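Q: Sequence:
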Amino acid sequence: GFDAVMIKDGKIYNKALGTSYSLMAVTKDGVMYTPQQGLSARKLVRQNVKDTYNFGPVLIKDGVGQPIDYQNFSLTATKDPRSAVGMVRPGEYVLLVADGRGAGGSYGLNQTEMIRIFKSFGCTYAYNLDGGGSATLAYRGKVLNNPSDGSERACGDFLYFTN
Numbered sequence: 001g002f003d004a005v006m007i008k009d010g011k012i013y014n015k016a017l018g019t020s021y022s023l024m025a026v027t028k029d030g031v032m033y034t035p036q037q038g039l040s041a042r043k044l045v046r047q048n049v050k051d052t053y054n055f056g057p058v059l060i061k062d063g064v065g066q067p068i069d070y071q072n073f074s075l076t077a078t079k080d081p082r083s084a085v086g087m088v089r090p091g092e093y094v095l096l097v098a099d100g101r102g103a104g105g106s107y108g109l110n111q112t113e114m115i116r117i118f119k120s121f122g123c124t125y126a127y128n129l130d131g132g133g134s135a136t137l138a139y140r141g142k143v144l145n146n147p148s149d150g151s152e153r154a155c156g157d158f159l160y161f162t163n
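For the sequence shown, the numbering used here gives the first residue as 1, with consecutive numbering after it.
Heads up, a few of these hints could be off.
To be verified - Derived EDC-like pairs (lysine to aspartate or glutamate); straight-line CA-CA distance at most 20 Å:
no., residue 1, residue 2
1, Lys11, Asp51
2, Lys61, Glu92
3, Lys79, Glu113
4, Lys50, Asp29
5, Lys8, Asp51
6, Lys28, Glu113
7, Lys79, Glu92
8, Lys50, Asp9
Please keep in mind that the hints were generated in silico from the structure rather than gathered at the bench.
A quick note: this is a predicted structure, and the numbers were derived from the prediction, not measured.
Model the full structure from these sequences, guided by the hints.
A: Here's what the structure looks like:
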């Protein structure tokens, strides 16, 4: 089964042995980052982590676009429906959701294109979330894009903002 660190609102939901390269953490101060490998959920909570997300890869780290992950080439190098998030500074984020596979005329984005978009907004960190049929953008209960599955896909992990 899927064994990943999972923290939501400071509560540990999965006590995996340690983080992997693909983990994104958000601190209580609103900082998004990818922790070093091997940290336990308990240690991350002690380091002020409020939420974690598992997918990846990291697109931008410390303002620098990251190289394509050739071990997971199809996840990032091909044009596909995408969802990703970037941080300009703590509390200021950029959401990216791209349709693909011909939905609405879009064929999606690849990693290089996503990095270029996030850099154009001044993001110092950006992270690739689940794509394909999971790439859905909703606002106040209404789906705003054309998910490639034809409708919303049930997902166990999602990113939401409140004011």
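Q: Please go over all the hints and tell whether each is borne out by the structure.
A: Verification of the supplied hints:
{"no.": "1", "hint": "Lys11 <-> Asp51", "result": "holds (8 Å)"}
{"no.": "2", "hint": "Lys61 <-> Glu92", "result": "holds (16 Å)"}
{"no.": "3", "hint": "Lys79 <-> Glu113", "result": "holds (9 Å)"}
{"no.": "4", "hint": "Lys50 <-> Asp29", "result": "holds (9 Å)"}
{"no.": "5", "hint": "Lys8 <-> Asp51", "result": "holds (5 Å)"}
{"no.": "6", "hint": "Lys28 <-> Glu113", "result": "violated (30 Å)"}
{"no.": "7", "hint": "Lys79 <-> Glu92", "result": "violated (27 Å)"}
{"no.": "8", "hint": "Lys50 <-> Asp9", "result": "holds (5 Å)"}
In the structure shown, a violation is registered for the earlier hints numbered 6, 7, in ascending order.
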